[in-house]
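Engineer: Chain by chain, the residues:
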Amino acid sequence: MVFSTLLFLFRFLPIALGLYYLVPYKLKNTVLFLTSLVFYSWGEVKYFPIMVVLILINYFSGLLMERFDASPKMRKAALIFSIVGSLSMLGFFKYSNFVIANLNQFLGTSFELIGVAVLPLGISFYTFQTMSYSIDVYRRDVATEHNIIDFGAYVVMFPQLIAGPIVKYRDVSDQLHVYKGRLKLAQIEEGVTLFIFGLAKKVLLADTISHLWTDIIGIYSGGVQTSAGVGLINASTPLAWLGVIAYSLQLYFDFSGYSLMGIGMGKMLGFDFPQNFNLPYISRSITEFWRRWHITLSSWFREYVYIPLGGNRKGKPRQMFNLFIVWLLTGIWHGANWNFILWGLYYFCLLTIEKLFLLKYLERSKVWCHLYTLFLVVTGWAMFVSSEPGVGLGLLFQKLFVPQGGVGITYFLRNYGVILAVSAFCCTPLVEKLWNKLRSITWVKLLTLFLLFFLSVAYIVGSSNSPFLYFNF
Amino acid sequence: MKKLFQYPVLVLFFSILILFTLVDLIYPDRDYSDLENTTLQQRPAFNLTRLVNNQWTADYGNYVKEQFMFRDSWIDLQSRSESMLLQKVELGGMIIGEANGQVAQYTKQFSLKDSEESQLSKNIQYVDEFLSRYPNSTFMLVPSASLIYQDQLPAKAPMLDEDGYLDDIFEQIDSPSQIMDLRNTLTASRDEYIFYRTDHHWTTLGAFLAYQDYCNRIGLLPVLPEVDPVSVPEFYGTSYSSSRLWNTAADTLVYYPLENAMTIYDTTGENSFKERFSGGMYDLEKLETRDKYAAFLYGNNALSRIEGNGEGKILVIKDSYANCFVPFLTANFQTIDVLDLRSYSYSLDAMIRENEYDQILILYNFQSFKADGYLSALARPSSLS
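If you read the sequences in order, they're chains A and B. The first sequence lines up with residues 1280 to 1752 when you count with the numbering used here. The second sequence lines up with residues 123 to 507 when you count with the numbering used here.
Please keep in mind that the hints were generated in silico from the structure rather than gathered at the bench. Incorrect hints may have been included.
[What the hints assert, rightly or not] To give a feel for the contact side, a few chain B residues facing chain A, derived at Cβ under 10 Å:
1) L134
2) L173
3) V174
4) A180
5) I197
6) L234
Glycine residues also receive a C-beta, built at the ideal position from the N, C-alpha and C atoms.
Isolated chain B (complex conformation) (with noise of 0.2 Å):
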């Protein structure tokens, strides 16, 4: 034993080998990472098929990586050595920058994918043959945080020209009056809190600028909520989840607690719904958790329709964007109707001929509009007689 101390190399490394591989197995699993907000591997059942495909080998190497003991601390460990000792200004997939004097964090994107191009000129196409059908549709697509703190990103960061290819977007779409392009409206107000600096949305104020240019356009009148906003503080969103970076100021998360009734369908057909539940606007458990902006709509979902205090009926066929935006809409329609592609993949033409909308507003925000698969629906031809 005595001869043993002489290497504490080997007796310090066989020591941490065993501690550690012991503790990371009664080390409990989690279903969820709610730091990362994904769900984490489980362990993979055994069965003979799927070891022969070396599915059950990959799914167990995942299952032990993604369950490591103390995984979150892990990680942070990782981005501190990135971001201190490494000086980096590049953080699991985050640009880091400022906005307003105050860290930032920025998606990461130097030039679109061969994939995303293809998907986006067939968006666009998408997007403005439904323009030229339904003459009472708008599309409003909104920049990311990224183009209008372009100045604020770390020097000369090789950032997609994503000006250029708003302008080549809106130039593909036939007919102009149709656009909503938010850039000067939200380029004037960028020393205002319009961005969330740890999350990839816009924050409540942002969505209100939109409002009020899109009310213009459609000859309503804007009107802000008149019950006092609700501010929830320490919202760490998506981009914080990415980049772990260690300094990050929290965002205040903001919202109007109106009083609307919403209830969510979920799809079963083509304009077939079956109702889920109603409730409110808000899903104010979740602004207890990590996710708070969750909260708004309950998230996304195939239907929501929600009950406004204006007149007519307005469809919103939108991202995750919409989600903080539609609220400011109750004051001008009598129903909202809040679509979302990714959960309804089917025809929207009888849908929209029933429902006789007065207005519909098509809402993305580039970084989902240049990737979004579902948008075909947009196009596709109704299948009922």
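Chain A with its partners taken away, still in its complex shape (with noise of 0.2 Å):
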């Protein structure tokens, strides 16, 4: 289920919460994993059983790491079982087509395609958010937990099922674990805010300016083209420019205003969930920019791969190499193509230089830095979308760096003008001091937020075509 839909806002999430609020304590939890059971399942109600196995699979070794406390073996092995677990489901679904399809592209094997077109959703993320779990176990920074519906509702939570953020376990299971007054007012109040400009962000902004990018490359629906636009083929160079900066800001709406809503929900169901993005379009240089983006991604890299790999106390080249497997990771996590890997490997040359020695410079600039990050940042997604339908990474860079005429942008600023701006607005910090103004006037804080609330259902019921970023994940 996706949570700009009709259905989600208008049957489940009041049922939802409804039953939620309304049980006795003790059963909060149980009612958050059905829920959130039915929440994942309703799209592919086949993949119920992957789900359940998953969560069996890392709560067993969970209690085998407890049971086995005396013997280092034992956890170790109970460790590499979770951990061969989760990451052979991702493997299978999300990778196993492209291993193949690479496989008899260069060894002209012809292996048939095992994996599938649709993956479960969100198992990217839960994947991840169940080897937290595994690992901080065995590193003895949390208690393994006993209750199988507690763990559960951890790893099906909706709010953060899709598009996280990636909660690690310890993040929540203090709260998973307090039963009466779990929820506070107050908090539930501050969900519901976020929970509007989330939704907001999503359905306002990154689905209205995902249009000027398919009026480009045209809409496709499983392959097949369902509308035309000019073709990238006919786009000039100031236009493929303008229709790759619009994609830049539809997927950070789009990602961010998801994250927001989850994070929200999250507040609304009595759970504080960390921070994901934080303006990351303001940064002065590229490093900085992975502190404010997808924050929960970055850090899970760094806690369970960039550290135990020796961080960097183990001497520049070591260090090097740990950065290079981990944006390695980052891009393979992205997607199954070489175009996130190659996206991935670019990350890994920028933030090397950076360390190295550009950062000093960036540092002192006040205009140049924010130029060069941006136009580092936008690049890279061109990078990033290079393998969808209708777009091609030769075509789009030759489109990019070698000036050519063709469609202008005339008439896409006359149409996206106002949206365009309104969108830049949103990725700086004024669009919050405006808000800390606007809120402080109850009314006007009730209009505001009610107003974006009522717009976006209008949106909702009127879109035809509101793009799907995470069937990827």
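Starting from the two chains in their separate frames, assemble the complex, guided by the hints.
Structural biologist: Laid out in structure tokens, this is it:
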């Protein structure tokens, strides 16, 4: 199920929240677990057992680690069992077709594709969450969870299931076991506010700006073109840039809007999830960008890959190698395709260059550092989007970097000018300043929030095509 | 309770959530959206197989969306926000431009889809082959309003080069004398009301100009019907259904109340038809509804046979553009057969042989011609002995 649908807003959400609020406090986790399972299974009923198996694997490996507390070997075996369990699921669903297709191409073999066309909803997110649990138990950072309902509720909790934030078990384990007094009105109020902002970001900004990009490349559904754009091949260089900028805005508002809805609903349920985006497009360097973009993913990789590999404690060459591994994995995590690997390694190079010498110059500049960062980030998104139908890496980069004529930007600036300006404004801290002014007057606050909510509902009712960016995750 | 009201956002949000959900649950379902001119998803019956295939869940989500309370008002709100807040010139796949000083809505089309490119080249072959087989046939391809009024679109709108496509299509037809290119005729009269501004069809006047051209081409005398035309105001057509532009001015539909009899047949096989009903050429009840253009010839039917006042027989193979064109032919022919290939997918040869038509007219508009998957019937060999 997708948050920005009427089914979610006016069927699932009131039922799930109503049950959650009304049942006796001891049953709250059970309700959360069951409603989340419905949420998860709605789009692909057949994947229900996968979730159950994943929960069982990690639950039992946690118990094993506790049972054999004195035996390092057994504990390690249990950890490996759970990590192999989580990763093999991710590997099978997300990467097997990619691996087989490449094997066939390079070795001339002809293995049949075995993977699936549609990934289980949010598999890249929840496998990382379960791994964080097992690793933390292994490291004795958290206690083993004995209650399978509580554990299941953590894994499949609907607010963060589809698009994060990637919540570590230890972030919520305390709250999961607070039964009485879990809910606080102030927290729910804040959650509602964040949820409405997140919804507006997704529906009013991301979906609206996305049309500029699809006006160029067209709309595809399951690889079949359902609507034609001007065609990337016909676009001029300025239009190609405008399109990629629009895509960059769409991606940010879509992803951060979704995360914000998740965080907001987490608060409505009594949980504080970590922040996931912090105005990434105002960064002054690529290093800073990755401290502001998808924060929970970066911190996951830092904690469970980079630091265990030795981080920066084993000398420069080893640090470079560790960074390389982290960014290779980050790239692969974003999708089973070469362009994502390229995109990850692109960031490895940029971050290495910044670490070696560039960062200190950037920190001294005021304007150039922003232009530098935005240019490189947008170029990165061009790599990121290049595997979509209708694009192509070679063609897109040729359009971007070999100046040429073609369909110009006049019409698109005319049609999308206002939304581009509003989107740019919403990428800056000014929007929060404005909100802090507005919310000091109660009726202005209410008017703003519910205007956004009503408009979002209107856009959802009127939408014929709301892009869903997470089928790759 | 008092404490609760310290949290107005919370109170209001949950009140709205509950209120909307409850009202939506008891809000009556509709079969059809008149405004959108489309059928709406009904509550799907539960069925285990459909659940496992994810069809039930998908249908149910669609059902909630399409039957949402006050759907039309929500869509109007979105359309207003798009045009007034965001200042867009494109609404629901329609480009907002002008025609003769009034707001007009044009179908947005920046290029052809891959599937349309291949369909178009096939369709050209079918028509070309048919024209060479039947020298008494004519191919009339009506250009889109967005071509005739291309300078009235928003600046630099990257519309598809329909002019180029039409050149290309006509070039591929071996016998140019069988082609009717209406670009000059319609452009010459572009100051008149020849296309609807809220609908994708041409007006009765636009069709009459084409009829005059056609008569001149086949050596007949074009006749303006002697009866007074009837004007039907408040026509909001298909383009409006898509855009829902708030300040749209309604179109006026015009028809000539000719009394000619028409019989509608359903297809039962190759050259085999079954009568459905007889009546006049106009479905007057449709004039009371939103979809007023459907009054012409009772919309699109497999075969309609009209008794004319002239001489000879004509077969019109067509899309909906022909519906307001065909009534003019009653002045010149004794029998007018109107065939819609979307409801007749057999070979036409036996039918043409049996009826010995004096003239055959293939009448399509560019928009449907490029995408129509039913023209293959033109080239289909007969299966009758």
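Engineer: Is the hint on V174(B) kept, meaning its closest Cβ partner in chain A is under 10 Å away?
Structural biologist: Holds - the Cβ of V174(B) comes within 10 Å of chain A, reaching about 6 Å at its closest.
Engineer: Answer holds if the nearest beta-carbon of chain A is closer than 10 Å to that of L234(B); otherwise answer violated.
Structural biologist: 6 Å, holds
Engineer: Take the shortest C-beta to C-beta distance between L134(B) and chain A; is it under 10 Å?
Structural biologist: Cβ of L134(B) sits 6 Å from chain A, so the hint holds.
Engineer: Hint check: is the beta carbon of L173(B) less than 10 Å from a beta carbon of chain A?
Structural biologist: 6 Å, holds
Engineer: Tell me if I197(B) is really an interface residue toward chain A, meaning its C-beta lies closer than 10 Å to one of theirs.
Structural biologist: 5 Å, holds
Engineer: May I ask you to test the interface hint for A180(B) with respect to chain A, counting a Cβ-Cβ separation under 10 Å as satisfied?
Structural biologist: 8 Å, holds
Every hint, counting from the list given before, is met by this structure.
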